[in-house]
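*Asks:* Chains as they are written, first to last, in my numbering: chain A, 1 to 183; chain B, 1 to 183; chain C, 1 to 183; chain D, 1 to 183; chain E, 1 to 183; chain F, 1 to 183.
One or more hints might be untrue.
It does not matter which identical chain is used: a pair holds within one copy or between any two.
[Claimed, not checked] Restricting the straight-line Cα-Cα distance to at most 20 Å, the calculated cross-link-like pairs of lysine to any residue (SDA-like) are:
id, residue 1, residue 2
1, Lys134, Glu122
2, Lys134, Met10
3, Lys134, Leu8
4, Lys134, Leu12
5, Lys134, Asn161
6, Lys134, Pro163
7, Lys134, Glu117
8, Lys134, Leu7
9, Lys134, Glu13
10, Lys134, Phe174
11, Lys134, Glu9
Hint data in this document are derived by calculation from the structure and do not stem from the laboratory.
There are 6 protein chains.
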Amino acid sequence: MRRNETLLEMLLELQVLDRVPRMGYVLRGVPDAESITEHSWHVGFLVWALGGRIEGLDRLRALEIALVHDLAEVRTGDLPRVAKRYFAAGTQEAAEREVVDELLGPLGERAGELMAEYRAAETLEARLVKACDKLQLMIKVAAYERWGAGWLSEFWDNPENFPDLGIDVVRELFDELRAEHGH
Amino acid sequence: MRRNETLLEMLLELQVLDRVPRMGYVLRGVPDAESITEHSWHVGFLVWALGGRIEGLDRLRALEIALVHDLAEVRTGDLPRVAKRYFAAGTQEAAEREVVDELLGPLGERAGELMAEYRAAETLEARLVKACDKLQLMIKVAAYERWGAGWLSEFWDNPENFPDLGIDVVRELFDELRAEHGH
Amino acid sequence: MRRNETLLEMLLELQVLDRVPRMGYVLRGVPDAESITEHSWHVGFLVWALGGRIEGLDRLRALEIALVHDLAEVRTGDLPRVAKRYFAAGTQEAAEREVVDELLGPLGERAGELMAEYRAAETLEARLVKACDKLQLMIKVAAYERWGAGWLSEFWDNPENFPDLGIDVVRELFDELRAEHGH
Amino acid sequence: MRRNETLLEMLLELQVLDRVPRMGYVLRGVPDAESITEHSWHVGFLVWALGGRIEGLDRLRALEIALVHDLAEVRTGDLPRVAKRYFAAGTQEAAEREVVDELLGPLGERAGELMAEYRAAETLEARLVKACDKLQLMIKVAAYERWGAGWLSEFWDNPENFPDLGIDVVRELFDELRAEHGH
Amino acid sequence: MRRNETLLEMLLELQVLDRVPRMGYVLRGVPDAESITEHSWHVGFLVWALGGRIEGLDRLRALEIALVHDLAEVRTGDLPRVAKRYFAAGTQEAAEREVVDELLGPLGERAGELMAEYRAAETLEARLVKACDKLQLMIKVAAYERWGAGWLSEFWDNPENFPDLGIDVVRELFDELRAEHGH
Amino acid sequence: MRRNETLLEMLLELQVLDRVPRMGYVLRGVPDAESITEHSWHVGFLVWALGGRIEGLDRLRALEIALVHDLAEVRTGDLPRVAKRYFAAGTQEAAEREVVDELLGPLGERAGELMAEYRAAETLEARLVKACDKLQLMIKVAAYERWGAGWLSEFWDNPENFPDLGIDVVRELFDELRAEHGH
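All chains, please: the whole structure from these sequences, using the hints.
*Replies:* This is the structure we're talking about:
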């Protein structure tokens, strides 16, 4: 793949993000699994829906982080968690920077900075997006089970899927979700 | 369908937005057509990518409008343009208000206000989202043609698909798109 | 979209009806949901299978009504019930007439008359098709549940999905369906 | 598979006809290929659309034949033409009778008689359905090519795909189709 | 279809085997049903995984038989069991030979000999592949049920789906499968 | 994911390999892209079809390598080439060994040895499978273009997609493919 030289070429390439399925669901037999684009929209919506209840949040920056947090996957595909054991420390960051530079060059530095903030997970905004990334995961799991999927209990068993990262409204939603839909 | 009483029930219902295809593409024989969720994300991304170049824009509000502008379709499906002849003046607005109230009740008034602002298309923010709604349409059409679709020329022939609404960066992108990918 | 000037152009356009999914199922998470074409065939088959047991029925006209009753959807897509709140009184009829005129012009008046008869739901033939339209809906719901779908109980709860319109053989099938597959 | 003992059990089984793809298209790389149900509806529609122009036609019986002509495929799947070399003379008829008897038993003799009339292809009604079976095939091929399919020229090269069986309106449509869409 | 004159033309045609679904699953409402290619790989894998435990087995020949055992289906599609009643004695063999000759001509006699050995089911190698053909069927049924499918119990009820053909390791796996996943 | 303790549990997990799409095609807009299982079968078939013409080849071991060469992807998904920049030297090997150990434990050491031989690409058998891995890639690209895909020219431009690794019959096929289907 080449470096995108114009905004338009970059926008055309991004359309393919809709065809990249979230592998965690695919590997559990879910038909028509969610795309990265769909996941990204739902995370953004969650950030927006919860953001008004979180004091001191910069809502614009939180939305920006949600918008870009998975963009590199238009070139890498979605890596299920287990694949991440492959990465030596620091290599993912280096590689992601390179992908972002080639893919999103026409946007300048902004996207890369937001993605770095997301990875660091220190600011309130980055923590909120990280928590919503998992909250959306588990809401989708509950939706798939409601629609008929049968092999998703492993998601409920994994405590890493329920990170509140110190944000109260997220913890409350996780609790409610587990109480009403958990196994 | 019922009124959503809790935030969680609303979030679960919204997951199905991923299964609602954009009918304009379906009715032109495109396989695996874009979902409303995907369209909404791409519009949001465009608003963000172009927003920095537009003076006086409230970027947060523009992103919020993009996020919610098609939400009613989780209950109505996507209505292709021709279906809109069905609506007597004022009925769409009244019905959309009702849908939003039942669907998004747990969020309070905010979503309804943003959707009304979008429909009115008077503020700079609403105009930008409206223009990006069509810009994304035509970028996707160009992507589908690149991937092999063959029956989309009608989209290029319709001047209503290229509204700049007085925003320069949008007009420039439309011009570039037509010059490089148009028929 | 344009007015079809020849029979052949009309027939080519109608092929796309196979890609229009029945939105009621889609909005409940069913994968590979039935198309309008498929629904129309099953309604026709029901009309034929039950028609021999109904005294005084004009079976040819009943089949003709079944064949065309949903044809406008090749231009409008399938509108789920909730979307129909959008229509002011009389506007749907007016718009459907226009769609039929542009879509089916090469066939002359016949299709429009049959669709009007269906909407009026007064003749025995129209009532049979209307009842079979719902009977097919509920038989498909039962089939989807048998195949593994999980979120369709709302269909069983809605009394409007079980109209016998005074036709005995329909009522008997509805009763049997509810007794053996209902919730 | 079992013999259907009730009308309802038969109707439930028939819903699966929507999942049986027409193999001729599948074996030529067409995505989302037409189902048997869809093919059957389009053949019925053609019979109806052309029937008014054919003198002496029993339109009800022609529609009935169209409705049932491919029903056995809900148990056998769709056999592409080449597979039919497998059948020794007379075996297909015998087997089809058995399938119909088990599948459509609750309907009595009627369906079997209509299918036998179709196979014999002697009456005007059966000839019309047989010609429309191929006419629909080639209209769909033209539609797929319009939508972007690329490997269908073999269909245009095969003279067996253009049988008019002595019916003028069919021949005219075949001629028009070849003139405007043929290779 | 034509006779393949070159190895390359044959290899290109074989790519379409991926689009041929296994009809037994399709006719039971399974979405995204396994392709013939996928079935063939899994049978090969089983033969390999079990082969080391079977004394006197020619593992290469067993793998070769697994590789080709369903190849004719790239021209015939997958025939569900019931369709096989259609074949008069001896006709399937004759037709399959002809298909193989036209399809796989560039490979010479080898593929045809392996397929004949498979059909005869006398050698240890052929018996192992035949048993694994069913073992893979039932393992997939168990997987589909785990993923959410609901209408597959008929497969468990049919004793013909559990042939061990005198091979101990196959019988043990069938027993374990029935004990842990059977109905 | 857990370590598979029994052969049966391992076989059940492997069924999901059919749902893992080859990301290189997905990221280029191909609908219904090939699965890893399908790719693996075609590579095995190529190895078998060409193997008879290669002197000194251990055909059984070559087939075994083809069978297992992509198996780790049932846990990692398919990583497009660009994603491999992520890996620090040696980390992929270490991680793959771990995946294989957990996934294929019930098979003992054999699968891991074959995969190591494949990665090393030194033996004739491993070189043949590696060359066929790319040969199958380019044959599929040619097939997709024949079926209508439009955005695959990048594959033809990349010299790394045409490795003959010193094997004559492979080089001849690559030459023929480029001459007849290349851009």
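*Asks:* If the cutoff is 20 Å on CA atoms, where do lysine 134 and glutamate 9 land: within, between, both or neither? Let me know, please.
*Replies:* Cα proximity of lysine 134 and glutamate 9: across copies only (17 Å, versus 31 Å in one copy).
*Asks:* Indicate which option fits the pair lysine 134, leucine 12 if close means a Cα-Cα distance not exceeding 20 Å: within, between, both or neither.
*Replies:* For lysine 134 and leucine 12, only the inter-copy Cα distance (14 Å) is at most 20 Å; the intra-copy one is 28 Å.
*Asks:* At most 20 Å between alpha carbons: which applies to lysine 134 and glutamate 13, within, between, both or neither?
*Replies:* between (26 Å within a copy, 17 Å between copies)
*Asks:* For lysine 134 and proline 163, with the copy left unspecified, which applies at a CA distance of at most 20 Å: within, between, both, or neither?
*Replies:* within (7 Å within a copy, 38 Å between copies)
*Asks:* With 20 Å as the alpha-carbon cut-off, assign the pair lysine 134 and asparagine 161 to within, between, both or neither.
*Replies:* For lysine 134 and asparagine 161, only the intra-copy Cα distance (6 Å) is at most 20 Å; the inter-copy one is 37 Å.
*Asks:* As a check of your reading, is lysine 134 near leucine 7 (CA-CA no more than 20 Å) within one copy, between copies, both or neither?
*Replies:* between (31 Å within a copy, 17 Å between copies)
*Asks:* Go through the copies and call it for lysine 134 and glutamate 117: within, between, both or neither, with a Cα cutoff of 20 Å.
*Replies:* Classified as within; 17 Å inside a copy, 32 Å across copies.
*Asks:* Taking 20 Å as the upper bound on the Cα-Cα distance, should lysine 134 and leucine 8 be classified as within, between, both, or neither?
*Replies:* Cα proximity of lysine 134 and leucine 8: across copies only (14 Å, versus 32 Å in one copy).
*Asks:* When no copy is named, should lysine 134 and glutamate 122 be tagged within, between, both, or neither for a Cα gap of at most 20 Å?
*Replies:* Within one copy, since 16 Å is at most 20 Å while 37 Å is not.
*Asks:* Is it within, between, both or neither when you check lysine 134 against phenylalanine 174 at 20 Å Cα-Cα?
*Replies:* Close inside one copy (10 Å), not across copies (37 Å); limit 20 Å.
*Asks:* Cα distance capped at 20 Å. Does lysine 134 pair with methionine 10 within a copy, between copies, both, or neither?
*Replies:* between (28 Å within a copy, 17 Å between copies)
When each numbered hint is compared with the structure, no violation occurs for any of them.
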